[in-house]
Amino acid sequence: SQTIHQWPATLVQPVGSPLSLECTVEGTSNPNLYWYRQAAGRGLQLLFYSVGIGQISSEVPQNLSASRPQDRQFILSSKKLLLSDSGFYLCAWSVQLNYGYTFGSGTRLTVV
Amino acid sequence: AQSVSQHNHHVILSEAASLELGCNYSYGGTVNLFWYVQYPGQHLQLLLKYFSGDPLVKGIKGFEAEFIKSKFSFNLRKPSVQWSDTAEYFCAVNAGRRALTFGSGTRLQVQP
Chain U
1 SQTIHQWPAT
11 LVQPVGSPLS
21 LECTVEGTSN
31 PNLYWYRQAA
41 GRGLQLLFYS
51 VGIGQISSEV
61 PQNLSASRPQ
71 DRQFILSSKK
81 LLLSDSGFYL
91 CAWSVQLNYG
101 YTFGSGTRLT
111 VV
Chain W
1001 AQSVSQHNHH
1011 VILSEAASLE
1021 LGCNYSYGGT
1031 VNLFWYVQYP
1041 GQHLQLLLKY
1051 FSGDPLVKGI
1061 KGFEAEFIKS
1071 KFSFNLRKPS
1081 VQWSDTAEYF
1091 CAVNAGRRAL
1101 TFGSGTRLQV
1111 QP
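Chains as they are written, first to last, in my numbering: chain U, 1 to 112; chain W, 1001 to 1112.
Isolated chain U (complex conformation) (with noise of 0.2 Å):
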């Protein structure tokens, strides 16, 4: 069956610091990828999706980046946090685009 692992559970961060968020999927070929962010009361805000490796698109501009080095691996970065980077990101994956998602346990990012 197919699993999604996302790593840390949580992480604090002092502004200006670099971030890297992993997630990677198990026993399941080329899927694809996603990052959400979720916020109180604005729900889950689509950040990057990838439909194969190094294939990334952006939804919305800020101070992350996504890459996706290898087929079920997926990485959000940011090389300087800033507060407002704070909130709770998940990683999801999907046969298909217009498919369910399947959401990881999530990252809770505190940036002080």
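Be careful, since some hints might not be right.
Claimed, not checked - Pulled a few chain U residues facing chain W out of the computed Cβ check, cut under 8 Å: (1) Y34; (2) R42; (3) G43; (4) L44; (5) Y49; (6) I53; (7) L90; (8) L97.
As the list claims (entries may be wrong) - Computed list of chain U residues with no C-beta within reach of chain W, every gap over 10 Å: (9) V15; (10) G16; (11) T28; (12) N32; (13) R72; (14) S77.
Honestly, the hints are just simulated from the structure, not real lab data.
For every residue, glycine included, the Cβ atom is placed at its ideal position computed from N, Cα and C.
Here the structure of chain U is known, so what remains is to put chain W in place on it, guided by the hints.
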């Protein structure tokens, strides 16, 4: 661009009351529609989905949703809620080759 509106941000019900959560989307073409649920401290889970066919879809735990194309709506219903239904509920839509767009969520609190 596709968008989703959830009208109720916070709903409080007593056990055994009936539930209806509103969801409206904006997109003129063919859409796939979803309801996700996030129980306290747990992952986002798929509750039900609509791709085509019977506009009344049934999901897990006694939930159902009705797709009304003329109203661009996909409301979630349950005849009799339980305390264990306390959670946050998200409506989502995608169309064409776009990733899922989520609504802002509805927090449901069921009082015993």
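So, going through the hints one by one against the coordinates:
Interface restraint check: Y34/U against chain W, minimum CB-CB distance 6 Å, threshold 8 Å, status holds. The beta carbon of R42/U is positioned within 8 Å of a beta carbon in chain W (closest approach about 6 Å), and the interface hint is therefore held. At its closest, the beta carbon of G43/U sits 4 Å from a beta carbon of chain W; the interface hint therefore holds under the 8 Å criterion. The restraint placing L44/U at the interface with chain W holds, with a minimum CB-CB distance near 4 Å, inside the 8 Å limit.
Here the hint on Y49/U is kept, as its CB sits about 5 Å from the closest CB of chain W, short of 8 Å. With its C-beta approaching chain W no nearer than about 17 Å, I53/U sits outside the 8 Å limit, and its interface hint is violated. With 8 Å as the threshold, the beta carbon of L90/U comes within range of chain W, its nearest partner Cβ sitting at about 7 Å, so the hint holds. Checking L97/U against chain W by beta carbon gives a least distance of about 6 Å; that is within 8 Å, so the hint holds.
Interface exclusion of V15/U from chain W stands, the closest Cβ pair being 27 Å apart, more than 10 Å. With a minimum CB-CB distance of about 30 Å to chain W, G16/U clears the 10 Å threshold, and the non-interface call stands. At roughly 16 Å, the least C-beta separation between T28/U and chain W is larger than 10 Å, which holds for a residue marked as non-interface. Listed as a non-interface residue, N32/U fails to keep its Cβ farther than 10 Å from every Cβ of chain W; the least gap is roughly 8 Å.
With 10 Å as the threshold on Cβ separation, the claim that R72/U sits away from chain W holds: the shortest Cβ distance comes to roughly 18 Å. Residue-level check passed: S77/U sits 19 Å from the nearest beta carbon of chain W, beyond 10 Å.
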